[in-house]
Every structure is written in C-alpha cells, then in structure tokens.
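Here the protein sequences line up with chains B and E, keeping their order. The first sequence lines up with residues 1 to 787 when you count with the numbering used here. The second sequence lines up with residues 1 to 152 when you count with the numbering used here.
Among the clues, some could well be false.
[Stated by the list, open to error] No farther apart than 25 Å at their CA atoms in a straight line, the calculated lysine-lysine pairs in the DSS-like style are these:
(1) B/Lys225 - B/Lys179
(2) E/Lys90 - B/Lys225
(3) B/Lys306 - E/Lys10
(4) B/Lys215 - B/Lys71
(5) B/Lys179 - B/Lys215
(6) B/Lys68 - B/Lys215
(7) B/Lys273 - B/Lys90
(8) B/Lys733 - E/Lys145
(9) B/Lys306 - E/Lys4
(10) B/Lys451 - B/Lys273
(11) B/Lys656 - E/Lys125
(12) E/Lys90 - B/Lys733
(13) E/Lys10 - E/Lys83
(14) E/Lys4 - B/Lys90
(15) B/Lys71 - B/Lys225
(16) B/Lys777 - B/Lys706
(17) B/Lys451 - B/Lys306
(18) B/Lys90 - B/Lys179
(19) B/Lys656 - B/Lys733
(20) B/Lys777 - E/Lys125
(21) B/Lys766 - B/Lys366
Don't read these hints as lab results, they were simulated from the structure.
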Amino acid sequence: MTLHMETGPLSWKQAGDGGSTGLRELPLARVTRRDFLAGIAAGTGFAFALSLAGSGPARADSTAGGLKNAKGGDATPSLFISIESDGTVKLTCHRSEMGQQVWTAMAQILADELEADWDRIEIVQAIGHPKYGDQNTDGSRSVRRNLTRLRTAGAGMRHMLEAAAAQRWDVKAEECHGKLHEVVHGPSGRRIGYGELAADAAEIPVPELDAVRLKDREDWRYIGKDVASLTVPRIIVGQGTFGIDVQMPDLVHAVIARPPVVFGRVKSLDDSKALEVPGVLQVIQLDALEPPATFKPLGGVAVIAKDTWSAIRGRDALEIEWEAGENGDYDSTAFRKQLLETANQSGQVRRKRGDVQKALDSAAKKISADYYVPHLSQSPMEPPAATARWDGDQCEVRACVQAPQSARSTVAGVTGVEPEQVTVTPTWLGGAFGRKSKPDFAAEAAVLARKVGKPVKVTWTREDDLQHGYFHSVSAQHLEGALDEEGRCTAFLHRTVFPPIPSTFQAGVTDPSWGELRLGATDNPFVVPNLQLETGPAPAKVRIGWLRSVANVYHAFAIQSFAAELAAAADRDPKDFLLELIGPPRLVDPREEGAEYDNYGDPMEEYPIDTGRLADVTNMAAEMAGWGRELPQGHGLGIAAHRSFLSYVATVVEVKVDDSGRLTIPGVWSAIDAGTVVNTRHVEAQMEGGCLYGLSNALYGEITAKNGAIEQSNFPSWRLMKMSEAPRHFEVKIMASHAPPGGVGEPPTPPAAPALTNAIFAATGKRIRNLPIFGSKGNQLDLGGES
Amino acid sequence: MSTKLTVNGKAVELDVPAEMPLLWALRDHLQLTGTKYGCGISQCGACTVHVDGKPRRACVTPLSSVAGSSVTTIEGVDGPEAKAVREAWKAIDVPQCGYCQSGQIMSAVDLLKNNPQPSDEDIDKAMDGNLCRCATYVRIRRAIKDASAALG
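If we strip away everything but chain B, and leave its shape as in the complex, we get:
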C-alpha cells in the first residue's frame, strides 16, 4: 500500500522514501467541471452561478491562464468565493480551524481585496481536495503561503464584478470600482450591489494575473487589523461542530482497545463479557499494524455500541492477551542513558565552520553540558475522533483532521478504494498541535463503518490519546563551547540525537533528517568563528510525530540554555552575551557551511535568516521586561530568542522561587517579528498560548514507556498547566513590518522553555538541563545540586 503524504512540516518527500530533502508540493490537479460539480454535490457551498465562472467548458479558453498560477497556488476566484443573489458572500476556507483563527484570517484576506462587507460573509469549510493545493494545516503555513494567493482570488472576483457592472452600464471597466459590497461608477456615481451582479459576473472570464490590481497596503480594510473571531460567537453558546460532536442518522459508536505496544497484536480475545454489556452491539477485531506505521490504524479490538459510554464499558469488559512484538523492550529510562551515551561520542558532521576542536583545545575556558527532553504528547483537549459512512463504494468522513487530503488518501489506501471515492470534510478541531495531521483515527472509522454497514463514530478516550499517540521525539544533546581571554565565544559544538520522524514512514531509519535539523539546529545564527553541528543515530520504539514547533522545542532549549551557560562562565550579562552571539545584522546561509537547508520550504531570498531581526526582538523583549531592573528576593529573569517558521520571537520570563523552592511565574514579555501579520489580536493570542504551551511542557510534560507501553494514562499523570500556574502578567509586542508573512502558530513555543530555565538559574543558581522540571507532581524545586 502506498500512502501519499501531503507536504509535512519536515519536508521528507513521501512516506516510505526516507528522504528529507526538498519540500514537496502536491501538484495542482487540473480542475475539471466534474470536480466542481462533485464539490457542489458534496456541499462545499458554491453557489451555482459563480462557481461555474471560469470553470465550465464554455469558458475553457479563459482558464488557460487566468489565475491558476498565482503566487502560492491556484487563485481562481470560484475556488474560494461565491456570491448569492441576496448579496451573501460565501468564502471557502481550505485550511482547518483549530483555534488559530484561520477562518477569520482567510476571510480577512479574501474579503479585503474583494471589498466585501464583513457583516455579509459566511465561511464554508472546504473538503479535502487537490484543487485547493496544500491543505495540511501545520508548519505555520496558512497565512504565509496564502496571503498573496487569496488576495489575488479576492481581487480577481472584484474585477469580474466591476466588469459585469461596466457591461450593464455600458461604460469602461476602469471607471468602475468595487467598494464595500457595491460597484460604483466613478463619473456618474451610480452604484449596484454585489448580489445583483453575481449572475452576470459568473459569465465574465477570469482575468489574467497581470491584469489584477491588488490594493495598496494603506488601503487594507481588514488585513493587519484587530478583527474579532468568526468562531467565538458560536463557541460561547455551545454551537459549532467538533470531530467528537458529529451526528448522523443510525450512527453507532466505537471505542477501540489498541495494542499497548506499537506493532503488538492480539494473541487471544474473549469478547463474551463485552457482548453482555447493555448497549454493546458488536465486537470487531482489526488487522494488526505492519511496519512502517505511517497513518494506518494501530489494530486491536473495536467495540461497537449504541452510545459512547456503552462502548467504553464494553471495552473495559474485553479480555485480551497481547503479544508485545519488537517494541516490547522499550524502557525510557534505559533509552535515555543510551541517547546520552550516543550524544557524548563524536557524530556525523552536518554543518561545519572553522575548526571547533582546535578552538576548544586552545580555549582560555571551555564548558560542556548535556540536555535531555522526553517524549511529549500533543494532547489536544479534544481527543481524536472521526465519523465515517459508506454509500456503496463511496465513503464520507467527517473528522477533526488537520490534513484532509492526507486523511482522504489514507482512508482510500486502507480500504482499497480510490481517493476519488472518499470525501473528507474537516470539522472544527478542538486543538490539534500536530496530532490531528496524522489521520489514523479517520482510517479506523472508515474501516469500521464498512464492516458494520452503518455510520460509525470512533472516539478516542483521553487514555487512548496519551497511550497511542505519535509522540514528540525524545532527545539528548551535548554542547561544548570555548571562551577566549575576553570572554568571547570562539567555538560552539552542538550534537543532537533523537529518533527521527521519518522512522514512522520507513522502518529502521535512525539518523536525524535534514528536515528536522533545519528546525533550530542547522540554522543556528550565532556569529562564532568555529561552529559545528553533529548528529548521532537513535532507533524509534514508538510512533514519532510532530508537535507544535517540532524539533525546535529541544534544539532551542539546548542552544538557548547553553548560550546562558556560556554567559555565566564568562561572567557576562546573559542578554548582552546572547546579542553578541547573534552578532551584527547580517544574512546567514547554512548551505555555505555544508548543511542541506530548505528554509521551511520558502526561498532564502524572500525569507533570509536575518540576525538583525533576531537581535531586534531580543532587545524589544528585554526592554519590555525591564531587563536589568532591581528584582525582589528570589526573583530572576531569563531570556531566549529563536527564529522558526520564518518568524523571530524573543521571550523574557520572570520567576519567583521562595525559600522552600516553590516556583511561580509572575510575568512573561514576548516580542515577535512575523513580517506582515493579518490579525493582530489573534497573533497576540497565539503568542500567549504558544508560550504557555511550551512552559507547560517544560514544567510538567513527560511521556515515559516501560515494557514498550506508555505509563501515563490521563490527567494528571500527564499534567497540564492550570490557571493558578499561569503568569498573571503577559505582555506581547508585534514588531511593525512590511516583510513577507512568517509563521505564527509555532514560533512562540521554542523560546519559552529556555527562557524559563534561564530565569530559574538567575533566581537560584540552579541550572536545569533535564525536562520536565517537575513532572506530574508539585511545583517545588530541589535547590540542592543540578537537575
């Protein structure tokens, strides 16, 4: 079976190729009339009149060029916009809404260029289909890859409306301008509403790319503004459909007992007691999972019942003996030792500047440190859930998926049908953080719905989510640094060891991929004369997957911690020392030093590694926090700065540690340069949430394994930050910028952990190199010795 992945955040080309170079864009499929009609039939909400503009055979010539090749992909207006005769403008969001407010952002971009009245728009969630181009909602890409594209689509539709009005009035199109849901004829002042023009505009050819005028930046009406969320008014009254909320006629509910160990299988099954549980309808054994894991179901035994609770009770009553298989020996304590040993041996050189060893040998002072970050779970508040039904050989799936095209091809692959027979509609996602771009749960629903012959909803319990995830990789890192007589850093050695994500897609892969190293390791911006990145091998014993900001989590933790350790060794202020490491404003290109580096799939010319911007956010965060101010007894400030997903974030954390070692976080100050931003309010919200996500994981997050099985089972053995532990003061600054848009959802996370541990060091002299700081219990630091 071949599973075709959409572009992942890590840029391996395709499941099974083991490769990690070059971000693969899905080819944009030719959009046929049949596709459009299928889209309409599937309820994607295209109003018939405009949906055919530029798509039907009658207009074939107009689509030869049109807007199909706009920057970022196909900007054919009808892909994203339909206008009804009453003036309602339906905007199609092809990305998944998971709290990052992508509905609002995509609508702001489209409506701005379209000159639509914000109060007359509606959002339609797109199905998963190649006609939309990339829909994999991760990698912090929605705005950066779609800003120009959707502006072009909006402007294209505005042109068509203007042309329709010009025709009606028999005037020149250049004299007609779309403005707030009307076309106005300049010389005469005549006006006509968009709704009234919709049918005529459908007959206008899609303009060519060079004929489309985009608005000037200063004329933006919605982009870059503090626009309220389109989802919140529904959330606060309990409306809106998440994956777990989907209802269908004749729906039955499934809960699955999965093998405790990845690639384990059922040895024996006694389902007699389960079948006696009231409400239980059926027990179904699933095929065992064969390597590589990819996005296929894990196997196990499904209990089908009239409702979720009966299915859970039925599962509790199953008697299953499991065969652990090849991963039954996984013990995370022993594995940690193995990783640290590997990290302390010389490894494969992945980037090299100067001669690190020589500089270390001749240093006035040198230090080294090992850092360890455990497996983490994305643990969105909504666990994975999916509903599927079959009509003959056609499958319909509604689920909380980040990547609906990937869900579609996965469902097709495991059920043996063609992707064209599968329709996947994303619901709202109750959080995702990378977990829901792995559609194994959608495949489970499709397989079961076919076997049961009825619509099936698969609900993952919290235990399932924590024990059967695609875990953030465990990592060990070894760093060495040299200082000269003046306390300047002359050598920086970074060795990183972790089971790589490609192991999930090709069994046996043990070397960190370029796609993971580019996340905070190969792109180290430090100006030191001698710099070296090395890697060592590590086998994967669970399914490894991506989690908000991915390898940046551990790379930023080690590098930004070590920068502060070097500052301490040199007896220098950590902020000043960090700025010295970042160095003068310049552009860094890791490719000149032997690294394969794809810059998150975007061109270096457009998105260089700009140390000036990194220094600017560092200075800004320090200024906001009042760096250098006199602090109360037991308080400390820590700083960290990191570029990821083409954006720059610096964060200062203030901690308070009382005499007993009890830790609180009174304040956080964080600055972001994400280039052009679409929604200031929601960027601020991502800064808060993304930072606290990182702090929560650093303080408490730890997934461990024994005999191959995950030891955590629910809250609070997997612990999350709660209200009383969150900082009461949180200040955000968005740097004003006209640069192209960078990512926002992930960049706030990486600097959080090192800013916290650097603050703890400042407050107490205790250096924390092993995460989590507390784990599942307490907020008390052990102030004796090192962690």
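Following the hints, complete the assembly by docking chain E onto the known chain B.
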C-alpha cells in the same frame, strides 16, 4: 428503566441505564454536544454543567443522581452573569479552539454568581479545575474581571 429530569428548562425522560454519566446522556441521547468530553474522570472540567444551580462534572455524574433535578448546559445557561461572561469572552476573543470553553464559561458564571468581585486568588481557585491546552488562561482571567466590572 427511565430517568426524568429537566434540561435547560425542558422536561426530558431518558430510557438509558441509570448509571450512565450525565455527559454521555446529554451528548449521545439528547444531542446536546456543547458539553465536552475531556478526560472522563473529573480532572479537566470540559464537561462542567450546572445541576440545580451548582457546578458539576457531568462525566462522573450518574444519571440516577440527577433524577428530578434541573440541569443547565452551555446551550441553556442564561441570566446576568452568563450574559456578562459571554460578552467579556467575545470582546477579547478568549477562546482559541473553544473545546474547553463551555466548561470554562460554566465555571466562570458560577464564580461570578457567588462572588461578583473575585480576586486573582478567587479566580485561581474557581478555575483551576478547568484545563485549557491552548492555554487561554491570561484572557480567561482578564475576561472574568471585565465581566465582574460590567456586572457592577
């Protein structure tokens, strides 16, 4: 075996096992899906509802224990505190994904009913049982204070 209770002001009769948690009865049998499942063991607060005016974790509340009671969910909660909380939530876009927010709102409404001017410590205490993985805590705190101010 059937259980009679009132949900959002309407009398309902549920013909399901009496030990079924209220959460699943609401979600799977009454199609009131605004109340969310997060953990099933009263550790996250996503399923918070009001039973006879008091907050309860629906995931560990057997249906039998609410027979004859009046249950209010996010879909039905009303009154000056609920209005103020919803307005405050909307004014600064507290929710991100929104999944835990039904529970957050139910807890915040209860807090303000009993304590119209909560201190930071009061907010910590009242809201600590409601986890949010998007970590919207900064805005929840601010919105509770805004709602408190609006209620005068």
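### Message
lysine 68 of chain B and lysine 215 of chain B were given as a pair; does the straight-line alpha-carbon distance stay at or below 25 Å?
### Response
holds (20 Å)
### Query
If you draw a straight line from the CA of lysine 306 of chain B to the CA of lysine 10 of chain E, is it 25 Å or shorter?
Holds, at roughly 24 Å.
### Query
CA of lysine 656 of chain B to CA of lysine 733 of chain B, is that 25 Å or under?
holds (23 Å)
### Message
Need the status of pair lysine 733 of chain B, lysine 145 of chain E: alpha-carbon distance at most 25 Å?
### Response
holds (23 Å)
### Task
Take the C-alpha atoms of lysine 90 of chain B and lysine 179 of chain B, compute the straight-line distance between them, and say whether it is at most 25 Å.
holds (17 Å)
### Message
Against the 25 Å threshold, does the CA-CA distance of lysine 225 of chain B and lysine 179 of chain B hold or violate the hint?
### Response
Distance of about 18 Å is within 25 Å: holds.
### Message
Check whether the Cα positions of lysine 656 of chain B and lysine 125 of chain E lie no farther apart than 25 Å.
### Response
holds (20 Å)
### Message
For lysine 179 of chain B and lysine 215 of chain B, compute the direct alpha-carbon distance and say whether it is at most 25 Å.
### Response
holds (12 Å)
### Query
lysine 777 of chain B and lysine 125 of chain E: Cα distance at most 25 Å?
With a Cα-Cα distance of about 18 Å, the restraint between lysine 777 of chain B and lysine 125 of chain E holds, given a limit of 25 Å.
### Query
Taken at face value, is the distance from the CA of lysine 225 of chain B to the CA of lysine 90 of chain E at most 25 Å?
Cα-Cα ~17 Å, so holds.
### Query
Holds or violated: are the alpha carbons of lysine 451 of chain B and lysine 306 of chain B at most 25 Å from each other?
Within the cut-off at roughly 16 Å; holds.
### Query
Does the alpha-carbon distance linking lysine 90 of chain E and lysine 733 of chain B stay inside the 25 Å limit?
holds (22 Å)
Comparing the model with each earlier hint shows violations of hints 7, 14; every other hint is respected.
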